[in-house]
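Trainee: Here is how the chains run, residue by residue.
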Amino acid sequence: MHSLEQNKAPIYEALLRYKSMRVVPFDVPGHKQGRGNPELTEFLGEKCLSVDVNSMKPLDNLGHPVSVIKEAEELAAAAFGAKHAFFMVNGTTSAVQTMVMSACKQGEKIIMPRNVHRSAINALIISGAIPVYVNPGVNKQLGIPLGMSVQDVEKAISEHPDAKAILINNPTYYGICSHLQAITDLAHEHNMLVLVDEAHGTHFYFGENMPLNAMAAGADMAAVSMHKTGGSLTQSSFLLLGKTLGQTLNVGRVRQMINLTQTTSASYLLLSSLDISRRNLALQGKQIFAKALYLANYGRDEVNKIGGYYAFGKELINGDTIYDFDCTKLSIHTRDIGLAGIEVYDILRDDYGIQIEFGDIGNILAIISVGDRALALERLVAALAEIKRRYQRDKTGMLDHEYIDPLVAMTPQRAFYAESFSLPIKNSEGKVSAEFVMAYPPGIPILAPGERITKDIIDYIVYAKSKGCFLTGTEDMRIENIKVVEE
Amino acid sequence: MELWFTEEHTKNVRFSIKVDRQLYSGQSEFQRIDVFESPEFGTFLTLDGFMMVTQKDEFIYHDMIVHVPMATNLNIKKVLVIGAGDGGTVRELTRYDSIEHIDMVEIDKQVVEVCKKYLPQTACKLDDPRVHLYFEDGLRFVRTKENCYDLIIVDSTDPFGPGEGLFTKEFYGNCYKALKEDGILVNQHESPYYEIDAQNMARAHKRIKEFFPVCRVYQAHIPTYPSGHWLFGFASKKYDPVMDVNEEAWNALGLKTRYYNTEIHKGCFALPTYVKEKLLNALD
Chain A
7 MHSLEQNKAP
17 IYEALLRYKS
27 MRVVPFDVPG
37 HKQGRGNPEL
47 TEFLGEKCLS
57 VDVNSMKPLD
67 NLGHPVSVIK
77 EAEELAAAAF
87 GAKHAFFMVN
97 GTTSAVQTMV
107 MSACKQGEKI
117 IMPRNVHRSA
127 INALIISGAI
137 PVYVNPGVNK
147 QLGIPLGMSV
157 QDVEKAISEH
167 PDAKAILINN
177 PTYYGICSHL
187 QAITDLAHEH
197 NMLVLVDEAH
207 GTHFYFGENM
217 PLNAMAAGAD
227 MAAVSMHKTG
237 GSLTQSSFLL
247 LGKTLGQTLN
257 VGRVRQMINL
267 TQTTSASYLL
277 LSSLDISRRN
287 LALQGKQIFA
297 KALYLANYGR
307 DEVNKIGGYY
317 AFGKELINGD
327 TIYDFDCTKL
337 SIHTRDIGLA
347 GIEVYDILRD
357 DYGIQIEFGD
367 IGNILAIISV
377 GDRALALERL
387 VAALAEIKRR
397 YQRDKTGMLD
407 HEYIDPLVAM
417 TPQRAFYAES
427 FSLPIKNSEG
437 KVSAEFVMAY
447 PPGIPILAPG
457 ERITKDIIDY
467 IVYAKSKGCF
477 LTGTEDMRIE
487 NIKVVEE
Chain B
90 MELWFTEEHT
100 KNVRFSIKVD
110 RQLYSGQSEF
120 QRIDVFESPE
130 FGTFLTLDGF
140 MMVTQKDEFI
150 YHDMIVHVPM
160 ATNLNIKKVL
170 VIGAGDGGTV
180 RELTRYDSIE
190 HIDMVEIDKQ
200 VVEVCKKYLP
210 QTACKLDDPR
220 VHLYFEDGLR
230 FVRTKENCYD
240 LIIVDSTDPF
250 GPGEGLFTKE
260 FYGNCYKALK
270 EDGILVNQHE
280 SPYYEIDAQN
290 MARAHKRIKE
300 FFPVCRVYQA
310 HIPTYPSGHW
320 LFGFASKKYD
330 PVMDVNEEAW
340 NALGLKTRYY
350 NTEIHKGCFA
360 LPTYVKEKLL
370 NALD
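Listed in order, the protein sequences are those of chains A and B. Taking our numbering, I'd label the letters of the first sequence as residues 7 to 493. Taking our numbering, I'd label the letters of the second sequence as residues 90 to 373.
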């Protein structure tokens, strides 16, 4: 499928050449190929430190690529079927922010589901864009937010024809995909840009029998967390531009947007990890993700055989709010054994030495990716069977929902910068929040700046805290007080 | 020409055996398998370069992993053996006519095939009609069993590579569930001497203790294993190995053994002080 060109890894190869030249460094970084920091070199390895270098002519410059990084970007673009691919070293967060900030200026509208990652709402605070939230459907049994229905998107578009863009999760953290093609076509008919958060969808580009990816759907931009399921180092990511992206928004403009906030000292460890991982997936992706899919499906079947747990999959597909499902996500509903997802998550780590991606009120998620092994999966299944045997209890009194419809009182930017004061969360009903509250992971805000605080939200926060969810977002590190807008 | 097999017992300690010739070398789905012939230890099997079994000293290990639990409860009828691809454990078990059923679960079929060919001394009883072979992950096999066995013997490799799942809390918990109300679990328990082995030993002990009311450790001398000082774990829901050993009845069976005897049975649970301390202070 991919051309022989994909055998190349220009940044990696340039680093090898650089090493063989045995250059004497009188530039930064000051550790000078590790010599200045023996402890760190011992810990990370001499090979690693020797290529932790700064931009220089033979290694190109991420902010203005003209040689090896440019070539690596072109190879990545070809591998993903994109017009252009940017190497991102400030996380997928910066890729999402670049998308939003490139598409919308201050006061312009963007349609998005409310269950976006905090990075998208952060982008609204920075840019001053106005969110038009589409209520994602909720699966009552599982208590999880789903995708956007095409009808709801249509309604949002007709009510806000001046919106500049629409943001879509592909997939959600739980592995759920909206009807990406229909929503993309609909948005384009109304001259809106289509931005896709594919933080959890790298494998859609390389595996077979996967949900549709953003570039194939004709979307305009996509943020792809190569590090999440593709094997590159944490914090490294791709921002893709679609082939149809027009004149108003070109490669140069998007690069300027990236350079507003991205570091000028890009890590070559991160860049080379993206380069090598892209090569690996372009050449081996089919086999790698066939194995991941096999393991995840095996795990799903085995977990469902235990009883009590529900590892959900494609049977949820309903042609709309669950248009497709990413089967590499091993999402497991735990409430029927009387345990919150976060409780199972904690027991797995504390008692069994198994770290999974997240646990929330009713579910846990194990991510199966490029690096998984059958033996490790057996351990997860065995541990879940044991947890059920040892800890199962009555489920009455357990909270059953994950999604609370937000009441947006003002834009996130206005609320964030407004005059505000702090008060205990339990007394904050009716006020407009000036900050976020979220469980991390998954990092989807329970409350975002500009939203009115309801009793439901307070109950949810109290419950999530009592179950051991790791809540973040407020200035108060104990998450007892919240800043609200002076009204 | 000198040909030596060398295993690193630690980064700084090597153990070498002079080799006459290599009889087999292969890579299975799970590990590298080698068989050598040596003047001192006869034929021996290594997995990923780690000593598993030699013709000359295997009797020590197999005597101790089988006869200690059997002499404790002579009514054992149904046994699960996990690992033990060389067949030595099953060989010893089949000497008891009272045992009716043996399930042996070995993840790597190739190990069994190689042992049948090159180590018939240990693999000789795998065709006994009471023996049922399963080639799968032991952790997976035991997960679905409940109140099923009188004895489980875990004859595994070290806790890295294909044996890693057999040293985990989830595995011990599943074993507890798979055992009957008077069931016994015996496992290969690593060595107390070198740091990394000792950590594995202590960790395994701590995890087993969380499930079983009776939880003891016993020792044997095995010349080809790191430090030569090797331990086994004895855990049970009911029987104490020293209090409940039926010496008379076992001796009346007339089984001829070269290492095990009922005096050793009582003595092997007496541990050196430093080992007791390490077991007591085990951290997860």
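Careful, some of the hints might be misleading.
Dumping the calculated DMTMM-like pairs for lysine to aspartate or glutamate here, alpha-carbon to alpha-carbon at most 25 Å [claimed, not checked]:
#, chain 1, residue 1, chain 2, residue 2
1, B, 266, A, 352
2, B, 326, B, 118
3, A, 461, A, 406
4, A, 292, B, 217
5, A, 297, B, 197
6, B, 100, A, 486
7, A, 432, A, 493
8, B, 206, B, 217
9, B, 367, A, 356
10, B, 100, A, 352
11, A, 394, B, 270
12, A, 473, A, 486
13, A, 297, A, 363
14, A, 394, B, 271
15, B, 298, A, 357
16, A, 311, B, 235
17, B, 295, B, 253
18, A, 76, A, 19
19, B, 326, B, 284
20, B, 298, A, 352
21, A, 311, B, 192
22, B, 367, A, 357
23, B, 266, A, 342
24, B, 234, A, 48
25, B, 326, A, 357
26, A, 432, A, 357
27, B, 298, A, 349
28, A, 311, A, 349
29, A, 394, B, 197
30, B, 100, A, 342
31, A, 297, B, 118
Simulated from the structure, these hints should not be mistaken for laboratory data.
Trainee: Take the hints in turn and mark each one as holding or not.
Mentor: Outcome of the hint check:
1. Restraint check for residue 266 of chain B and residue 352 of chain A: satisfied, since their Cα atoms lie roughly 23 Å apart, inside the 25 Å limit.
2. Under the criterion of a C-alpha separation no larger than 25 Å, the hint pairing residue 326 of chain B with residue 118 of chain B is inconsistent with the structure, at around 36 Å.
3. About 16 Å separates the Cα atoms of residue 461 of chain A and residue 406 of chain A, which keeps this hinted pair within 25 Å; it holds.
4. The straight-line distance between the Cα atoms of residue 292 of chain A and residue 217 of chain B is roughly 45 Å, outside the 25 Å bound, and the hint therefore fails.
5. In summary, the hint linking residue 297 of chain A to residue 197 of chain B is supported, as the alpha carbons are separated by about 20 Å, within the 25 Å threshold.
6. With a C-alpha separation of about 51 Å, the suggested pair residue 100 of chain B and residue 486 of chain A falls outside the 25 Å cut-off, and the hint is violated.
7. Distance hint between residue 432 of chain A and residue 493 of chain A is fulfilled; the C-alpha atoms sit about 19 Å from each other, no more than 25 Å.
8. For the hint linking residue 206 of chain B to residue 217 of chain B, the alpha-carbon distance of about 17 Å falls within 25 Å, and the restraint holds.
9. Only pairs whose Cα atoms come within 25 Å are accepted, and residue 367 of chain B paired with residue 356 of chain A is accepted, the gap being roughly 22 Å.
10. For a cut-off of 25 Å, the pair hint linking residue 100 of chain B to residue 352 of chain A is broken: about 35 Å separates their Cα positions.
11. Note on residue 394 of chain A and residue 270 of chain B: the hinted pairing holds, with a Cα-Cα distance of about 20 Å set against a maximum of 25 Å.
12. With a C-alpha separation of about 15 Å, the suggested pairing of residue 473 of chain A with residue 486 of chain A holds against the 25 Å cut-off.
13. As the CA atoms of residue 297 of chain A and residue 363 of chain A are separated by approximately 19 Å, the hinted pair is consistent with the 25 Å bound.
14. A threshold of 25 Å between alpha carbons decides the hint, and for residue 394 of chain A with residue 271 of chain B the separation of about 23 Å falls inside it, so the pair holds.
15. Between residue 298 of chain B and residue 357 of chain A the alpha-carbon distance is near 14 Å, which keeps this suggested pair within the 25 Å criterion.
16. Restraint check for residue 311 of chain A and residue 235 of chain B: the C-alpha separation of about 15 Å stays at or below 25 Å, so the hint holds.
17. Between residue 295 of chain B and residue 253 of chain B the alpha-carbon distance is near 16 Å, which keeps this suggested pair within the 25 Å criterion.
18. Distance restraint check for residue 76 of chain A and residue 19 of chain A: the Cα-Cα separation of roughly 14 Å lies within the 25 Å cut-off, and the hinted pair is therefore satisfied.
19. Of the supplied pair hints, the one linking residue 326 of chain B and residue 284 of chain B is violated, its CA atoms being roughly 30 Å apart against a limit of 25 Å.
20. Between residue 298 of chain B and residue 352 of chain A, the direct Cα distance comes to roughly 21 Å. Compliance with the 25 Å bound is thereby established for this hinted pair.
21. With a C-alpha separation of about 22 Å, the suggested pairing of residue 311 of chain A with residue 192 of chain B holds against the 25 Å cut-off.
22. A threshold of 25 Å between alpha carbons decides the hint, and for residue 367 of chain B with residue 357 of chain A the separation of about 21 Å falls inside it, so the pair holds.
23. Proposed proximity of residue 266 of chain B and residue 342 of chain A is supported: the alpha carbons are some 22 Å apart, at most 25 Å.
24. Annotation: proposed proximity of residue 234 of chain B to residue 48 of chain A is violated, straight-line Cα distance about 46 Å (limit 25 Å).
25. Distance hint between residue 326 of chain B and residue 357 of chain A is fulfilled; the C-alpha atoms sit about 22 Å from each other, no more than 25 Å.
26. The suggested pairing of residue 432 of chain A with residue 357 of chain A is violated, with an alpha-carbon distance near 33 Å, which exceeds 25 Å.
27. Between residue 298 of chain B and residue 349 of chain A, the direct Cα distance comes to roughly 23 Å. Compliance with the 25 Å bound is thereby established for this hinted pair.
28. A threshold of 25 Å between alpha carbons decides the hint, and for residue 311 of chain A with residue 349 of chain A the separation of about 21 Å falls inside it, so the pair holds.
29. Between residue 394 of chain A and residue 197 of chain B the alpha-carbon distance is near 29 Å, which puts this suggested pair outside the 25 Å criterion.
30. Between residue 100 of chain B and residue 342 of chain A the CA atoms are separated by roughly 49 Å; this puts the pair beyond 25 Å, and the hint is violated.
31. Pair hint residue 297 of chain A plus residue 118 of chain B holds up; C-alpha atoms about 15 Å apart against a cutoff of 25 Å.
Consistency with the previously given hints fails for numbers 2, 4, 6, 10, 19, 24, 26, 29 and 30, ordered from lowest to highest.
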